[in-house]
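Chains as they are written, first to last, in the numbering used here: chain A, 172 to 361; chain B, 13 to 316; chain C, 806 to 1240.
Be careful, since some hints might not be right.
[Stated by the list, open to error] Have a look at the derived ranges for each label pair, beta carbon to beta carbon:
1) C:883 to A:214: 53 to 63 Å
2) C:1226 to B:270: 22 to 32 Å
3) C:1123 to B:261: 24 to 34 Å
4) C:1025 to B:165: 28 to 38 Å
5) A:270 to C:1125: 55 to 65 Å
6) A:196 to C:989: 25 to 35 Å
7) A:302 to B:300: 25 to 35 Å
8) A:269 to B:14: 46 to 56 Å
[To be verified] Computed cross-link-like contacts, DSS-like style, restricted to lysine-lysine with a CA-CA straight-line distance of at most 30 Å:
9) B:58 to B:104
10) B:105 to B:67
11) B:58 to B:111
12) B:245 to B:58
13) B:39 to B:104
14) B:67 to C:1112
15) B:120 to B:301
16) B:245 to B:104
17) B:58 to C:1112
18) B:36 to B:108
19) C:1025 to C:1007
20) C:1029 to C:1207
21) B:39 to C:1112
22) B:108 to B:296
23) A:273 to C:1207
24) C:1112 to B:14
25) B:116 to B:67
26) C:890 to C:1029
27) B:36 to C:1112
28) C:1112 to B:226
29) B:67 to B:226
The hints are simulated quantities; they were obtained by calculation from the structure and are not laboratory data.
Glycine included, each C-beta is placed from N, C-alpha and C at the ideal position.
Okay, here's what each chain looks like letter by letter:
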Amino acid sequence: MSWSASCSTQPTAKEVNHMNSLKEKCYQCSGLLSGLCIVIITLLLLAQIIGRLFGFIVPSAEDFAGYALAASTFLGLAYTFREGGHIRVTLLIQRFSSVPRKIQEGVILTLSFALLCYLSYACSYMVYESYIYDEVSYGYVPVPLWIPQMPVAIGVIALNLAILDALITVLRGKQPAYSEQEDALSLEEI
Amino acid sequence: AKWHMPTPYGDGNLQTQIAYSFVKEVKENTEGALDITVHSGGSLVKHTEIPRSIKTGQVQIGEVFLGILGNESPVFKHDNIPFLATSFDDAKKLWKAAKPEIAKHLDKNGMMLLYTVAWPAQSLYSKQAVNSLADLEGQKMRAYSPTQSRLADLMHTTPMTIQTPDIPQAFSTGIIQAMITSPSTGVDSQAWDYVNYYTDVKAWIPKNVVVVNKRAFRRLDKATQQIVLDAAKHAEAAGWTQIAARAAKDKATLVEQGMTVSDPSPQLLKELQAIGQTMAEEWKAEAPKEVGSILTRYHQELGQ
Amino acid sequence: MDMMWFSILLAVSMLALLSLGVWVSFTLIAIGGLGLILSENYQVDLLFATSSWGASTAWSLTALPLFIWMGEVLFRTRLSEDLFKGLSPWLGGVPGKLLHVNILSCGIFAAVSGSSAATAATIGRMTLPELRKQGYSDRMAIGTLAGSGTLGLLIPPSIILIVYGVAAEVSIARLFIAGALPGLLLVSLFMGFTMVWGHLHKDELPKSTGHETSWSARIKGLRKLLPVMGLIGFVLGSIYGGITTPTEAAALGVTGALVLAALTGSLSRHSFMDSLLGAVKSSCMIGFILVGAHFLTLAMGFLGIPKALAVWIAGMSLSPMELILYLTVLFVILGCFLDGISVVVLTVAVILPMVQAANIDLLWFGIFIVLVVEMSQITPPVGFNLFVIQSLTGKNILYVAKAALPFFLLIGAAILLISLFPEIVTYLPTTMSQN
Ligand code: NA
Ligand code: NA
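Produce the entire structure from the sequences given, and follow the hints as far as they go.
Structural data, given as structure tokens:
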């Protein structure tokens, strides 16, 4: 599949670069935060092992590890999307020629954007509800649930924006970042 | 109407079996107008998410272990205080005393209490025989709730958080040497594979409750509401009779499988009761008004 | 019958979205939402939020990103290369040569990790690039990995055995022991097949006979294996020595891998960040698919499709052998569209009574279920090992599934063998009673 780099009328190059580098930083940030959560899980579990050897317990370590896991999964969604990490079946769509392929990407990005808008609302509403109902966790340390649920909502919203970003890219006739990555991988295949 | 009822434990548990018969009674008496599907073993909703699902109306009815609500309000801890109520008779009285506070709290969150089913009394499983607390000193004991951790502290043992599925491995690899749980859990997880002694200390009698979403309940017509309430009353009555029989049967199974089952020595009982006293006072300090009224009512019940 | 049309509608919609190139996780969520609407459950938003929160905070899953990270760290060290250099004098003379590294490493790593996705991701990260570099058939490299990655479920510890043990009230300790011999059986079936294949397809293996197979080379090779063996031994020892639970062991695995990387001089700020971001990419992908799978499972719970199928089978009054056959087919079909663990969770309440009525040993049935769930890990469109390998290699999911097909059939053969000789499962547990 080939995406002709048909450059339409562009805003000043400087502006675009500025925006792009800011956007780039946001994607990086998504990945780094997610990675940080994986490190936190590791440290929590290590603390629990060491604690067991020396006879102290890390209170609610399981709960906190679970919260970090959720945060890691959701905060990294945007980065993973950008990097082409979310997998899909490309068998059929790879056979499309340039124009139908652009339409296909546009259609599925629009559908995905709609879906993610709904999910963003659902997850934000969950946080809001936990907040107004004063929901607390069930473990040893009572944690107000809206705090660990916050990263879930933020992560879904970030993914939503990443999809919007890709949709805009496609509408401007360019190839979205995720599919560049996919192409790089399938080239390697041959 | 068609309702969904998530429950936390598997089909072999008495609680789940009672849920099935409750649902059956409702269906028969309403001639199918109210059809409740039981989703046992957390298959529809994870245990910790069940209260929230009922509260927000994602499901109309469900069952929870009362203890997991302990962080929401101290009144939910009443059946987790060691040596407060150790026989089914006392547990019934304690429930009678606590019920108004519990109902009030659930009501505030849009839920209504239907019925409760108790577990058998929680007793001590250990690798070695325990005649006094000195025998346990310094050992590692399983704790899954704040109350249990405090109990482990007071028993001079180290509390260890171990999830139920990890229990057998935790015992056989020496991560824990003791735990307090019901004879049913012991039978279900085949405790004789990994632990030798069962001391029948009867520390406390925890309960599951079945609650319904208030709005969903109000949407039923008066006659159906009455049928549900009647079925709940029958379920609760059946629960109290059957759980005593189940406790005896499960204890017999432990003996049959070669575990040493014994009553606690007077020494151990005395030490444990002192701990129970401390914990009851600490519990009361958490919410003097609500807990205080539960305790007053309970002592009145006991006095009668 | 409504339910049949619902099932067809859901399956067709899923296939349509997937072939249109909609991401797998998004597809599962969309189909889950559709299922909820079909079941006249309109609180899709609340249900999605609650189910996602439950699925993504599950304690048993915390090990997954850590094992994936461990694989990313090891991949960036010399250790994966050493693994091959160390094993080639031993395997160079065996038909199929170093393809056996996949099977053996998965078998060993399965004793540390409880999930098949983690096993395939960790081992595949180390072995696939090396096998390709040495000129092994891609298809076979992928097939052996997809197949033997599923060993993570059968060889203890195992998430699925815990789920089943809790649901069926069978001792988890006994289930773990019961999984050992069938695990070995599968390893031998996989290796046997690879040998036969290697014998027939010499042209798809590297030509060079550079593998020295003398005993001195073998001993030398062992030295190269020491670090990896040490790491695995350390993690295993910590589990069976009572220092950690299997979930926590993942943290020791990562730490050990980082220490090894530091000792061999391949740990830098750069490689650390690279490995971590690599882990983020895979674990977010799998994590979000799990969220979707969990949501779809919820919809299935409300719709009751799997339960209805199980009830239908229960109504046929089959002989035990027929029952096993029907259940295998049922699980394989459900396993195409749902994650294997969900299939067990959704059907176990209906299936266990009929299994008991047919006098089938519940312990044996647990191992049977694990084997069919293993099969479902490598059937398209929803198969977690396929997803993992697609993300490792960029190969299309159908290609991976085709490569895994022989191993799918071999697991089927293992089911046949344990049905004919149930002692393979029940022998070890009977020896373990304390009294
Ligand atoms: Na395993
Ligand atoms: Na599958």
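Checklist entry - Which numbered hints does this structure break? => result Violated: hints 1, 4, 6 and 20.
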